[in-house]
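J.: With chain A's structure known, arrange chain B on it following the hints.
Line by line, the protein sequences are chains A and B.
In this text, residue positions in the first sequence follow the numbering used here: the first is 17, and each later residue adds one.
In this text, residue positions in the second sequence follow the numbering used here: the first is 17, and each later residue adds one.
None of these hints come from the bench; they were simulated from the model.
One thing to keep in mind: the hints can contain errors.
Pairs involving identical chains hold if they fit within one copy or between any two copies, as the list cannot separate such chains.
Within a straight-line C-alpha distance of at most 25 Å, the following computed DSS-like cross-link-like pairs (lysine-lysine) qualify [said to hold, decoys possible]:
# : residue 1 : residue 2
1 : 59        : 131
2 : 136       : 161
3 : 59        : 130
4 : 136       : 59
Protein chains: 2
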Amino acid sequence: MKLKLINSISVLLLLTILICCDRDNSQSQKSGSDSSKDAIFPKGELGPATNFTGNAYNFGLVADDSIYNTLVGNVYFEINARSNWHLHPSGQILIVLDGEGYHQLEGQPRHTMKKGEVIKVPANTRHWHGATEYNSLTQMYILPKTENGFVTWMEPVTDEQYNPTTKTNGNY
Amino acid sequence: MKLKLINSISVLLLLTILICCDRDNSQSQKSGSDSSKDAIFPKGELGPATNFTGNAYNFGLVADDSIYNTLVGNVYFEINARSNWHLHPSGQILIVLDGEGYHQLEGQPRHTMKKGEVIKVPANTRHWHGATEYNSLTQMYILPKTENGFVTWMEPVTDEQYNPTTKTNGNY
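Looking at chain A on its own, in the form it has when it is part of the complex:
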């Protein structure tokens, strides 16, 4: 009888702990995955496959006009998504609002960008940017002096260019 009682209470204890742990986990998962609730801007429109590898969404913030001559917007890159190679006639300012990304100026090493980082892209310089293979990227862009034009799109960034540390091992 005494043994039965101890067994019942042990099961009860175990259940209580399990329920508590489950509550903790579901809370952590919520705060970790539901990032859209905290997003500053709407996701925007899917960028065309001719200019992006993977899914990148553009949300326009300031349309070009002859008063500011400045174009501003936000791009949300899903994990592994990146732009093609491209250039801007007056350069570009990139500001990382969330997540983590890569940026590369042609001829220089790939640079990993963190939340809060600002990148000044020189005029007429081939470059690409995108999310990492581990994290999405939310990135604001500013195009100054738009009287000179916006962007010239070029060829896609290959897997080897995107992730030069990944070695392919042939058939084995």
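T.: For chain B alone, kept in the frame of chain A given last:
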């Protein structure tokens, strides 16, 4: 003996529940109050009392140069803090990254700004911006065409201008 055993186990159960509940609470408090952990940019430097009422902190993101002719930064306004009246020779783009604020162009009603909102301030137009009396404001600014200058600072925004709905009732 049986009663003693039940008592001990009851105390153990109660303790387990209390510890679990406490973990839950401390987690909620963390995610609710520690907003500086989620801030995109550092708080920056306190703006001078000659240009601001209350505490407003500026963090420069892009310094002016002759390549972009664009100045970019972030201001964190504490609750009730606001700029003086001022104007920009080429206008200003304001982008609300967090919290809630007020913006007013002279001669127009005060406008309440929400997270994600973009405000285009015309050139040479007297205006002010700041947090509300309930919420702080994190606000990015872009000054285009800086070859024309940055800002002309003017007189403080009075309490009546800041909050025209607050009525003073004299002595009673």
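J.: Take the hints in turn and mark each one as holding or not.
T.: Hint check results:
Taking CA atoms no more than 25 Å apart as the test, residue 59 paired with residue 131 passes in both settings, with 17 Å inside one copy and 14 Å between copies. In the homo-oligomer, the alpha carbons of residue 136 and residue 161 lie at most 25 Å apart both inside one protomer (14 Å) and across protomers (17 Å), since each shortest distance falls under that limit. When the C-alpha separation of residue 59 and residue 130 is checked against a cutoff of 25 Å, the pair qualifies both within a copy, at 20 Å, and between copies, at 17 Å. Taking the shortest alpha-carbon separations for residue 136 and residue 59, both the intra-copy value of 24 Å and the inter-copy value of 21 Å come in at or below 25 Å.
Of the numbered hints stated above, none is contradicted by the structure.
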